[in-house]
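Protein chains in written order, with our numbering: chain A, 1 to 407; chain B, 1 to 407; chain C, 1 to 407; chain D, 1 to 407.
Treat the hints as calculated values from the structure; they're not laboratory data. Being a predicted model, the structure only gives us computed values, none of them experimental. All C-beta atoms in this analysis are idealised placements derived from N, C-alpha and C, irrespective of residue type, glycine included. Treat the hints with care, as some may be off.
[To be verified] Computed list of chain D residues with no C-beta within reach of chain A, every gap over 10 Å:
hint, residue
1, Glu14
2, Ala107
3, Lys118
4, Glu144
5, Lys147
6, Lys173
7, Lys263
8, Ser284
9, Leu287
10, Gly364
[To be verified] Simulated restraints, written as ranges between beta carbons of each label pair:
hint, chain 1, residue 1, chain 2, residue 2, range
11, A, Lys400, C, Asp150, 37 to 47 Å
12, C, Asn215, B, Asn215, 35 to 45 Å
13, A, Lys400, B, Asn324, 30 to 40 Å
14, C, Glu144, A, Gly92, 50 to 60 Å
15, D, Lys174, B, Lys28, 50 to 60 Å
16, A, Asn93, C, Asn215, 52 to 62 Å
There are 4 protein chains.
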Amino acid sequence: MATSSKLSDEKLIEEILKNKIKFHELDKFTSMPDKIRLKVIEKRLGVSLESIGNSIINSSDCKANIENMIGSTQIPLGIAGPVMINGENCKGNFYLPLATTEGALVASVNRGCSVINKSGGAYSIVLKNEQTRSILFKADSIVEAKKFSDWIEENFSELKKTAEHDEQFIEIKKIDRYIIGLNIWLRIRANTNDAMGMNMVTIAGKKIADYLLENYKNIEFISETGNLCTDKKASAMNLINTRGKKVIASVDIPESVIKDVLKTTSEKLIDLNYRKNLLGSAASLSLGYNAHFANIIAAMFAALGQDLAHVVDGSLGFTTVEKNKNGINFSVTLSDLQVGTIGGGTGLKTQKEGLSILGVFGPGNPPGSNSRKLAEIISVGVLAGEISLLAALCTKDLSKAHQKYNR
Amino acid sequence: MATSSKLSDEKLIEEILKNKIKFHELDKFTSMPDKIRLKVIEKRLGVSLESIGNSIINSSDCKANIENMIGSTQIPLGIAGPVMINGENCKGNFYLPLATTEGALVASVNRGCSVINKSGGAYSIVLKNEQTRSILFKADSIVEAKKFSDWIEENFSELKKTAEHDEQFIEIKKIDRYIIGLNIWLRIRANTNDAMGMNMVTIAGKKIADYLLENYKNIEFISETGNLCTDKKASAMNLINTRGKKVIASVDIPESVIKDVLKTTSEKLIDLNYRKNLLGSAASLSLGYNAHFANIIAAMFAALGQDLAHVVDGSLGFTTVEKNKNGINFSVTLSDLQVGTIGGGTGLKTQKEGLSILGVFGPGNPPGSNSRKLAEIISVGVLAGEISLLAALCTKDLSKAHQKYNR
Amino acid sequence: MATSSKLSDEKLIEEILKNKIKFHELDKFTSMPDKIRLKVIEKRLGVSLESIGNSIINSSDCKANIENMIGSTQIPLGIAGPVMINGENCKGNFYLPLATTEGALVASVNRGCSVINKSGGAYSIVLKNEQTRSILFKADSIVEAKKFSDWIEENFSELKKTAEHDEQFIEIKKIDRYIIGLNIWLRIRANTNDAMGMNMVTIAGKKIADYLLENYKNIEFISETGNLCTDKKASAMNLINTRGKKVIASVDIPESVIKDVLKTTSEKLIDLNYRKNLLGSAASLSLGYNAHFANIIAAMFAALGQDLAHVVDGSLGFTTVEKNKNGINFSVTLSDLQVGTIGGGTGLKTQKEGLSILGVFGPGNPPGSNSRKLAEIISVGVLAGEISLLAALCTKDLSKAHQKYNR
Amino acid sequence: MATSSKLSDEKLIEEILKNKIKFHELDKFTSMPDKIRLKVIEKRLGVSLESIGNSIINSSDCKANIENMIGSTQIPLGIAGPVMINGENCKGNFYLPLATTEGALVASVNRGCSVINKSGGAYSIVLKNEQTRSILFKADSIVEAKKFSDWIEENFSELKKTAEHDEQFIEIKKIDRYIIGLNIWLRIRANTNDAMGMNMVTIAGKKIADYLLENYKNIEFISETGNLCTDKKASAMNLINTRGKKVIASVDIPESVIKDVLKTTSEKLIDLNYRKNLLGSAASLSLGYNAHFANIIAAMFAALGQDLAHVVDGSLGFTTVEKNKNGINFSVTLSDLQVGTIGGGTGLKTQKEGLSILGVFGPGNPPGSNSRKLAEIISVGVLAGEISLLAALCTKDLSKAHQKYNR
């Protein structure tokens, strides 16, 4: 790639070192601002950042994703599966891409996939599907707060129309109202189709706020988000009422598979899940009644261009292991999965390829089908991870596995 | 790099496609198993994974980090700062590397850094520092459970000696005991110095369990981890009692800086923090009384080779904004930060360079000083992010910012 | 009252002491079983229970409230107020009866009432009003669980009809469905008018379960209550989604009243509420963001025949103190208040008189109006208690007050 | 009892009705202020409060418990048991007094006692025993906050001496320090022997605060309680770290007893406890992983002179049902039980008699033994209640029981 700097690179570096040009102003002076920034930091700190600079991402291709770019971070990407899924929204055998630095994780998920396959495949269902944003207002009195809340309910269809105007892919489903003292939160619930939709619903919230400021007296607009959404914070609100997608995955594992592949018994798995994932999580007042949802969520999110801060949300949920006729039913319920197949980091080179491994890059047909499919595949990945880790704990192999892989 | 396959690549691919060789067996047949796997998947699925394959990571260099590797995921890396820190464990001006796909984030942290600098720099302190693991036992009766618990207390020094044996960098500080019915959790608390230490403390736990199985009758060992740790799950246990490092960062921002840089007022910032971060989080029963810790944690963790599943833990904590003489005191308290400068993903090429930007790669001198320094720098990054986002919400610029950067 | 024993009292006592007759069988042999039981215990244990026996409650009048009665417990009853209320459901000046053994409590509430009166009275509103019960089912697979859940939604009107049949005072408003793995909770939400309604909604739940057992195959009925109600347990479900009544009360207190009566300032009250009731409760992950809701709830519930186990629910909620033009707005938001004016303990002699002090004994006209009125009065009592305690803490008088009254 | 009014009753009533004398001033004018207040309210409101006035409590005997007394509330008192207890602190057969207005409760606990007896009795243990109070301070900077916290640790013995001075029955065990931003909570943990001890530890906290104000510069004292105690609010702090007493009770129930008395099976009880008390409570993010601790706590607290607002704390905890050789182990773990045998309402006539039924009135020998004994007995009462209700739910008899007893 040719540089089209109006100033020479050396001159630019000099100016920055003298604090005459700032990092974020570089775009004006060069077509390769990332290279210049990298060199400045190398010079200033006396370090080599060769690997970071050795990136396949053009800064011009990811202006919507990053500012002050200097290169990229590379995370090793492994593959588990294929795993057989018989989902409401996806059917077939899927390879699972996992970008992680935690040894043993891919191997563990891979073992879980093998168990699922030998058990005839996993089921998965998207139970709920709505992105939320809470906008926050303040009234002068509780009487005014109540009036405002009532007005919102009565004028829902107008607010919906306002929020959906000029925005093809959002559908406002409901506006919940929460009052504490003089404070009123409007929690907007929307279907955002194949987009994860956080920004889409933020903009919808702003439109509603603007409409209210024009059409409703006696109310003060406090914030475009009031933490009742809840965005990227672990919360009971999300665990109970869901944000994003609530997804469930399940497999019936026969006793023979438990014995042959997992080297343990259904009794031990059921017992461990009860003591660790339920009683242990209750005893620590956890919002994650599971073994390690977060590990699989983090690895698949990284590989698939999802927002890594949403690992917080993805860790909320429940693992159950219950006796059935021929062995056990093993399930995971993810209360709060935030995924999309368009927007965010999905269009970056490696992330796009990650999505293509699952066949879910871009908008689905019908709209929303790709993100639902993605949610189901991830839930099965989580299921595989839970199966394998619980079994490893039954056979007391956790530290052994980490010693084998990590050292 | 030359291939040293005992079989030709084509032959290997063929064998895999016939299911005669499995992905994880490839190491035996080729020195470039990642390339072979990549090609198999490309063939099977009819997709191109050129970018994923275009990785600078040698699979032989990251065997401790990944299995079934096919390449790497590249996340754009941006730089905020430098930011002036006057910490108990780190002093100076630091550039903050952030790997993210969320537009506006680096710019936002950068603005926060600018505010901190204009305010004379940030303070930061590591208040607590201990990695934990809970191992789980079961007694036959509550009387036996109590006896076992008492025995653990009385024999702490022996257990500590056992756990520390042959392991230079761990120091067992305390073993807390929790009983529910017949179940007893031993929550081992340890200083693991510059390592994040999760595996270290897992192995210590296993040693203690093995010792107990030999030296204590009438107890059943259930699991190497009993979810009271709590690892990678949002929990009150961690919010209140801390796991990893509890870190605090703070800056006194003068009214003039609030006005000139943040375009708002101290009153508005204080009011918003009260309504959104406290009342809003309380109303949703959140464990994150903050605006977006998770965003900065995720971006810095990705850039610095930290475990991305620990973004869950890093999102727990509190933001406070309080009036002082000349403006406000703005603080963040992170209850549960999991970081290390050795082990995990810290040795990977780009991640190692990320740590070198902060001058904290590898073991510190004295031991533990590098990970404490890293914790303080991250806490100041989080502080910068909170300052900027709260101000943007005061001026109602959230959706505007996202529209500017993301579209 | 004449005894109509078929056996003499002495004989009966003898038979019981010989274990030939059991306590609960006494009704068959005597019209004064409570006296006999009392004597048996006095004899067996060698204690005097004269005061317990000195009860005004006839065992025949409270068969719906107690079994194996031996007398009654007497709790001193004090009066606070009158307090001026301008509620959506009640207007006027009300004396507040409080049965408590905690010194200083009535005096404290009384001071709060005085502040409210001098501030022109309190506002109060019932924001939500629904009793809930969750019935629990199990499916064979997640696919069946989803089908069942969908069926419930589609057949709501039929289920509603079934549940309301032969029961005049219940109105089924909604049935929420929650799925975890194979488990499905139906959370029935109902208006139970002037009854607190827990039993009413339990019976409704049983009717629905019975209907489903007849009309829906492939589902197993597990329990008449599945802990998602949530009944008498502190839960985020209730804090966020409400059970029983969500009530709010508020008063605007002028600076002069704060100074003259409370001997403190608006700044100090606002600051304390922020640090203690919000930050302190957040730091302990509490579901009560208040100072002592439970004290007033317990004392009024005892005086007014409400279920004392519901003190748990009544303690959930928020206190806010915010600056306004002439001083402060002080509010309490009770998320989960369980009250009724018919049924339960409301018909007992002293409790009925307690309700008559508030003018709310028995069914309201229109139905439900009495219980809403009661909820608003209690919320104002809670408001008074919060005002007074926060002020006492501002002036550092808590331990002083307890030393004055309790010693 | 003769009246010694300096003014005639009629005159006094007149003066009050004219607002010339206030309720709380009556003590100066009459020896029977409660009768006067009662009459005033009867006159003002036109109601009869005969039953409330028909009290055996002399207002002069309960000045430490109530202000503005007008009489008493009478709650019917029933007896369950006797139940056989083999506790660490209490051994023998105990009748359980329960004051309640909820029909079926005493009968249910009674059935549970019968099951326990037929199973050879219950075990019980006090696992932890400490009353707490958090006092709240504010520093100018986080550096000062840390210094203050360190100083507290270093000067613990001096603070302990100060707090214990002139107070025979308190023993300060530890002072935990929690920092958020500029706020520092000192959570004082103390053994208060036979007193529930809330006031005792409040006074100790005040002494420590006063000492600090004299001996430590650069710190601001905010409040005698900072909600980290946590007092009468449901909190994870108390669930995890305990306040008051952590008590556990357990019984091994043979299959034959389950079948004959409870009419169900061990499988069903284990299954229901898993689905309802664990999964259901987790799904609603409850702090009570049990069926109805609160019911028994409320009824025994009312009967035994305990603080009814502490029903909130008593509802926190866990029920477990686990398979053993001959049937099941059934346990309850109460995390946060607040009880005393001296002080509070324990000295009132009927409450004192209630305690005498258990043989625990007044100070124990050695000190603290009576309150520990009381805690264990209550825990067994809770155990009995849980056994019976879970069994009733297994046989689908909940609504039936309520229909039988309540209607």
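Going down the list of hints, with the structure as the test:
With a least beta-carbon separation of about 38 Å from chain A, Glu14 of chain D lies farther than 10 Å from that chain, consistent with its non-interface assignment. With a closest Cβ-Cβ approach of about 30 Å to chain A, Ala107 of chain D is found to remain outside the 10 Å limit, as its non-interface label requires. Residue-level check passed: Lys118 of chain D sits 27 Å from the nearest beta carbon of chain A, beyond 10 Å. Every C-beta of chain A lies more than 10 Å from that of Glu144 of chain D, the closest at about 29 Å, which supports listing it as non-interface.
For Lys147 of chain D, the condition that its CB be more than 10 Å from all CB atoms of chain A holds, with the nearest at approximately 31 Å. With a cut of 10 Å on Cβ distances, Lys173 of chain D stays outside the contact zone with chain A, its closest approach being about 23 Å. Once the 10 Å rule is applied to beta carbons, Lys263 of chain D is consistent with being away from chain A; the minimum gap is 23 Å. Not every CB of chain A is more than 10 Å from the CB of Ser284 of chain D (nearest about 7 Å), against its label as outside the interface.
Consistency note on Leu287 of chain D: stated as away from chain A, yet its beta-carbon is not over 10 Å from all of that chain's, at 7 Å minimum. For Gly364 of chain D, the non-interface assignment is confirmed: its Cβ lies about 30 Å from the closest Cβ of chain A, beyond the 10 Å cut-off. Taking the beta carbon of each, Lys400 of chain A and Asp150 of chain C are about 45 Å apart, inside 37 to 47 Å as hinted. Between Asn215 of chain C and Asn215 of chain B the CB atoms are about 60 Å apart, so this pair departs from the stated range of 35 to 45 Å.
The hinted range of 30 to 40 Å is not satisfied by Lys400 of chain A and Asn324 of chain B, whose Cβ atoms lie roughly 54 Å apart. In this structure the hint that Glu144 of chain C and Gly92 of chain A lie 50 to 60 Å apart at CB is violated, the actual value being about 22 Å. For the hinted restraint 50 to 60 Å between Lys174 of chain D and Lys28 of chain B, the CB-CB distance of approximately 58 Å keeps it satisfied. The beta-carbon spacing between Asn93 of chain A and Asn215 of chain C, approximately 39 Å, falls outside the hinted interval of 52 to 62 Å.
Of the numbered hints given earlier, the model fails hints 8, 9, 12, 13, 14, 16; all others are met.
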